[in-house]
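Spelled out, the chains give:
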Amino acid sequence: MSAQGCTATPVLRERGQREVFCGLTSIVWLHRKMQDAFFLVVGSRTCAHLLQSAAGVMIFAEPRFGTAILDETDLAGLACAQDELDNVVTQLLSRRSDIRQLFLVGSCPSEVIKLDLEKAAERLSQQFAPRVRVINFSGSGIETTFTEGEDACLAAMVPTLPQSDAAQLLVAGALPDVVQDQMLGLLADMGLADVAVLPAARADDRVTVGPNTKVAMVQPFLGETLAALTRRGATHIAAPFPFGEEGSTAWLRAVARAFGVSDAVVDRVTEAPRARARRAVAQAAEVLSGKSVFFLPDSQLEIPLARFLTRECGMQAIEVGAPFIHSGLMAPDLALLEAGPVISEGQDVDLQLDRVRAARPDLTVCGLGLANPLEAEGLTTKWAIELVFTPVHFYEQAGDLAGLFSRPLRRRAILQREAAE
Amino acid sequence: MKLAVWTYEGPPHVGAMRVATAMKGLHYVLHAPQGDTYADLLFTMIERRNHRPPVSYTTFQARDLGSDTANLFKTACRDAYDRFRPEAIIVGASCTAELIQDDPGGMAETMGLPVPVIPLELPSYQRKENFGADETFFQIVRSLARPVPRTERPSANLIGPTALGFRHRDDITEVTALLHEMGIDVNVTAPYGATPSDIARLGAAHVNVLMYPETGESACRWMARELDVPHTRTVPIGVGATRDFVAEIAGLLDVAPRLDDSRLRLPWYSASVDSTYLTGKRVFLFGDGTHVAAAARIARDEMGFEVVGLGCYNREQARMLRALARDFGVEALISDDYLEVERRIEDLAPELILGTQMERHIAKRLGIPCAVISAPVHVQDFPARYSPQMGIEGANVIFDTWVHPLVMGLEEHLLTMFREDFEFHDAAGASHHGGKAAPRPQVDPAPAPAESGPEARGGAVDIVWLPAAEKELKKVPFFVRGKARRNTEAFAAQQGVAEISVDTLYEAKAHYAR
Numbered sequence: 001m002s003a004q005g006c007t008a009t010p011v012l013r014e015r016g017q018r019e020v021f022c023g024l025t026s027i028v029w030l031h032r033k034m035q036d037a038f039f040l041v042v043g044s045r046t047c048a049h050l051l052q053s054a055a056g057v058m059i060f061a062e063p064r065f066g067t068a069i070l071d072e073t074d075l076a077g078l079a080c081a082q083d084e085l086d087n088v089v090t091q092l093l094s095r096r097s098d099i100r101q102l103f104l105v106g107s108c109p110s111e112v113i114k115l116d117l118e119k120a121a122e123r124l125s126q127q128f129a130p131r132v133r134v135i136n137f138s139g140s141g142i143e144t145t146f147t148e149g150e151d152a153c154l155a156a157m158v159p160t161l162p163q164s165d166a167a168q169l170l171v172a173g174a175l176p177d178v179v180q181d182q183m184l185g186l187l188a189d190m191g192l193a194d195v196a197v198l199p200a201a202r203a204d205d206r207v208t209v210g211p212n213t214k215v216a217m218v219q220p221f222l223g224e225t226l227a228a229l230t231r232r233g234a235t236h237i238a239a240p241f242p243f244g245e246e247g248s249t250a251w252l253r254a255v256a257r258a259f260g261v262s263d264a265v266v267d268r269v270t271e272a273p274r275a276r277a278r279r280a281v282a283q284a285a286e287v288l289s290g291k292s293v294f295f296l297p298d299s300q301l302e303i304p305l306a307r308f309l310t311r312e313c314g315m316q317a318i319e320v321g322a323p324f325i326h327s328g329l330m331a332p333d334l335a336l337l338e339a340g341p342v343i344s345e346g347q348d349v350d351l352q353l354d355r356v357r358a359a360r361p362d363l364t365v366c367g368l369g370l371a372n373p374l375e376a377e378g379l380t381t382k383w384a385i386e387l388v389f390t391p392v393h394f395y396e397q398a399g400d401l402a403g404l405f406s407r408p409l410r411r412r413a414i415l416q417r418e419a420a421e
Numbered sequence: 422m423k424l425a426v427w428t429y430e431g432p433p434h435v436g437a438m439r440v441a442t443a444m445k446g447l448h449y450v451l452h453a454p455q456g457d458t459y460a461d462l463l464f465t466m467i468e469r470r471n472h473r474p475p476v477s478y479t480t481f482q483a484r485d486l487g488s489d490t491a492n493l494f495k496t497a498c499r500d501a502y503d504r505f506r507p508e509a510i511i512v513g514a515s516c517t518a519e520l521i522q523d524d525p526g527g528m529a530e531t532m533g534l535p536v537p538v539i540p541l542e543l544p545s546y547q548r549k550e551n552f553g554a555d556e557t558f559f560q561i562v563r564s565l566a567r568p569v570p571r572t573e574r575p576s577a578n579l580i581g582p583t584a585l586g587f588r589h590r591d592d593i594t595e596v597t598a599l600l601h602e603m604g605i606d607v608n609v610t611a612p613y614g615a616t617p618s619d620i621a622r623l624g625a626a627h628v629n630v631l632m633y634p635e636t637g638e639s640a641c642r643w644m645a646r647e648l649d650v651p652h653t654r655t656v657p658i659g660v661g662a663t664r665d666f667v668a669e670i671a672g673l674l675d676v677a678p679r680l681d682d683s684r685l686r687l688p689w690y691s692a693s694v695d696s697t698y699l700t701g702k703r704v705f706l707f708g709d710g711t712h713v714a715a716a717a718r719i720a721r722d723e724m725g726f727e728v729v730g731l732g733c734y735n736r737e738q739a740r741m742l743r744a745l746a747r748d749f750g751v752e753a754l755i756s757d758d759y760l761e762v763e764r765r766i767e768d769l770a771p772e773l774i775l776g777t778q779m780e781r782h783i784a785k786r787l788g789i790p791c792a793v794i795s796a797p798v799h800v801q802d803f804p805a806r807y808s809p810q811m812g813i814e815g816a817n818v819i820f821d822t823w824v825h826p827l828v829m830g831l832e833e834h835l836l837t838m839f840r841e842d843f844e845f846h847d848a849a850g851a852s853h854h855g856g857k858a859a860p861r862p863q864v865d866p867a868p869a870p871a872e873s874g875p876e877a878r879g880g881a882v883d884i885v886w887l888p889a890a891e892k893e894l895k896k897v898p899f900f901v902r903g904k905a906r907r908n909t910e911a912f913a914a915q916q917g918v919a920e921i922s923v924d925t926l927y928e929a930k931a932h933y934a935r
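Protein chains in written order, with the numbering used here: chain A, 1 to 421; chain B, 422 to 935.
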């Protein structure tokens, strides 16, 4: 095995029809994470329909997201659209006194008509200060793919963070609360008790940044956020992403080293959870070992997950497709991924499906629009979106993560399937 | 600009997708940015389709704007033809592409593709999904259907069923059987399952059965005018409507009205004594205009319910539904604002909601039984079993579907008998309902300790419930208790009574009795 892994593998870049979500979809998990925030998409009926379809079920009568749907009168003159937006926001905030942060989220139509949401955010911030902070970012499909919506959101928050010269650790990336608590517990056991997390659960939770801030990323899709933090003086702790036993340990070790914590401490703190994670992964790996996997682009989690599946579960990667590859953030994972698979960026879905059909992988990781059609062709699939919506980071979720991949294979083995319809 | 939380209809290009996905041999080239492909999953997940919708998206990005979005469209169009070899192509723009004004229709026409190319103009900022489906199907028919000789035997087209339609799959089977019993063949069913060449021979039918006016009316009107094919006005949902439909078809085709009702069970089930408890159940109906209108007739005439309110989300049916509401002596709610529908339901406090998946959620929150009668659809609306809404079997299915959320007749008597039983109190809910909805806080507050004294309630005037009255109120069945409370408070306020006693409660009951 090459020491460089896939570092030097040429990237297949494709341009064509992309079967991916736009950045607005990030709102589905961001609004759960930020508990006093409202996400107001300024867009079209399509945006509202997308959010509703991606959110799947209407769990909340009045969720903390919504769409200000542009109509013809808004398209006719822009001054009018700004006034209309003020009206919608005023109505919204008067009904929702629980809202402390309002995100104005740009969409494809608002970007194309050049509706200035930055100006709107400044104006509305002044109007509603100090109760509500108004921030804008774009989740439009012409600029962002799926998880890049979170990146745009967090990057937009960085300039609003108070300055601090304290030496501190900042962890960037939205994690489910249970996972975040596990991570903070591990860090505390290593002696790192005062850890800031972006995004914080509430507007009042103090998150600061400055020249002595060191940033560790828990999500691989936060390139713009990292750039914004770097501009504020923070330095990046490069590490593989914390998926699986190996990734979690490597991530924790990199953070520990950045703060002068010895490897011996890391070993002691992680010994028990590492053993648990290895045992849990081993069960799923029985099913996965020796099987081939093909990733279609979805969330930018593909390369770290391929690293996990190949190194900890014994799978073989045929192609690892990502919507976008941030070479800086991906370098540690690419170096660990054994050379062999095609690494592709972007998508021409019909050409990529031709490659899937030619390779007939044991498992294809793809979006919901493609999963049933491929199953009907006799291929086993894993819905990529579940990898984003399910707790999968760090030790205690390593077995669950492997299980997400092994379950479709186990199911296919169990069912006495007749020919697909 | 209008704030939308949940929407009943998608944008018009999703309507076009419903037509394209229902058909075979047709491809849709959609000028759209990345992300609009989310719509594919509606078909592959909700409807469990085993194929991708036949849609190619141009997937333009910010960097393409102002440079070569037009070329992207042409490339996508050419690639789609080469790969899929469709008999015909429809082309159009989603909301964002509409703004950049590339004119997909014009471009596609200049490409010299060897198949018909049908341009769609779907105004995304004015209209919605149902319009998109209706307009798309109309344009396809207008472009491809030609005058052809009539079939020798009497025949009909089934018009309107689409992908993602509410029970369209099974309604087709039911109506086909209904027609066969009268000796009428089905010439073409469209868009569902039709190819462009099938569309070309629509004119061979003697009559069009307009199954779903939402998606098929414009095409039917055009065929009546240009191909001289008349269409039906009755949608055969419910027993009465099915009999009217048979009579209408018989009149149009000059055949004997024949209906095999040996499998029809709704009328007897409704007449049998267990159904006595259905009498006057207060129902609220909401959905698309066609399904609501059909359901209103069934609710009143075939189930013996009282329709206390109805409405639809599609403005295209507003006039029809308002007229119908007048017949029922209620006010129609024409709105696609989910919160407005919820408020109306709260005000009316019905005992049963017949609505869409959206109303199912409202019902869950309010603790009101609910059955689904209309799109927008959910994965549950595509059952594995045969489950039509139309015709004889449709009527049977509707009886079951509407009655199951309710407490059955004998069961209701038992509930009353055991109301105070410690294992069988109201809050326990009906055993077959599984998860219990959270009670309405303003309706079902946690019971105050028995002797805690008068309990003040908010409102313009502070009206106090005396403990005995509060206790008496708890004996009122839970599903009408909220209304009883509000009526009593309104009555007390009107009478200037500050304390509600047991007497006040019963005076109010007598006052509001009809």
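I should point out that these hints are in silico values taken from the structure, not numbers from a laboratory.
We put the beta carbon where it would ideally sit given N, CA and C, even for glycine.
Watch out, some of these pointers could steer you wrong.
[Claimed, not checked] Once the Cα atoms are required to be at most 30 angstroms apart in a straight line, the calculated DSS-like pairs of lysine-lysine come out as:
id, chain 1, residue 1, chain 2, residue 2
1, B, Lys423, A, Lys33
2, A, Lys382, B, Lys495
3, A, Lys114, B, Lys495
[As the list claims (entries may be wrong)] Here are the in silico distance ranges between beta carbons for each label pair:
id, chain 1, residue 1, chain 2, residue 2, range
4, B, Pro535, A, Asp86, 51 to 57 angstroms
5, B, Arg786, A, Asp194, 51 to 57 angstroms
6, A, Arg15, B, Pro804, 40 to 46 angstroms
7, B, Asp489, A, Gln127, 38 to 44 angstroms
8, A, Asp400, B, Pro535, 49 to 55 angstroms
9, A, Ala201, B, Gln801, 29 to 35 angstroms
10, A, Asp71, B, Gln915, 20 to 26 angstroms
11, B, Ala483, A, Glu271, 44 to 50 angstroms
[Claimed, not checked] Going by beta-carbon spacing under 8 angstroms, a handful of chain B positions derived as facing chain A:
id, residue
12, Ala425
13, Gly527
14, Arg806
Going through the hints against the structure:
1. Between Lys423 (chain B) and Lys33 (chain A), the direct Cα distance comes to roughly 26 angstroms. Compliance with the 30 angstroms bound is thereby established for this hinted pair.
2. For the proposed pair Lys382 (chain A) and Lys495 (chain B), the alpha carbon gap of about 33 angstroms is over 30 angstroms, so the pair is violated.
3. Between Lys114 (chain A) and Lys495 (chain B) the alpha-carbon distance is near 26 angstroms, which keeps this suggested pair within the 30 angstroms criterion.
4. For Pro535 (chain B) paired with Asp86 (chain A), a C-beta distance near 53 angstroms keeps the hint of 51 to 57 angstroms intact.
5. In this structure the supplied range 51 to 57 angstroms is violated for Arg786 (chain B) paired with Asp194 (chain A), their Cβ-Cβ distance being about 42 angstroms.
6. In this structure, Arg15 (chain A) and Pro804 (chain B) meet the distance hint of 40 to 46 angstroms, their C-beta atoms being roughly 42 angstroms apart.
7. Separated by about 41 angstroms at the C-beta atoms, Asp489 (chain B) and Gln127 (chain A) satisfy the suggested range of 38 to 44 angstroms.
8. A beta carbon spacing of about 53 angstroms between Asp400 (chain A) and Pro535 (chain B) agrees with the range 49 to 55 angstroms that was offered as a hint.
9. Checked against the hint of 29 to 35 angstroms, the C-beta distance between Ala201 (chain A) and Gln801 (chain B) comes to roughly 34 angstroms, which is consistent with it.
10. Between Asp71 (chain A) and Gln915 (chain B) the beta carbon distance is about 43 angstroms. The supplied range of 20 to 26 angstroms is therefore violated.
11. Range check, Ala483 (chain B) to Glu271 (chain A): about 49 angstroms between beta-carbon atoms, so the 44 to 50 angstroms window is met.
12. The beta carbon of Ala425 (chain B) comes within 5 angstroms of a beta carbon in chain A, closer than 8 angstroms, and the hint placing it at the interface holds.
13. With 8 angstroms as the threshold, the beta carbon of Gly527 (chain B) stays out of range of chain A, its nearest partner Cβ sitting at about 20 angstroms, so the hint is violated.
14. Checking Arg806 (chain B) against chain A by beta carbon gives a least distance of about 16 angstroms; that is not within 8 angstroms, so the hint is violated.
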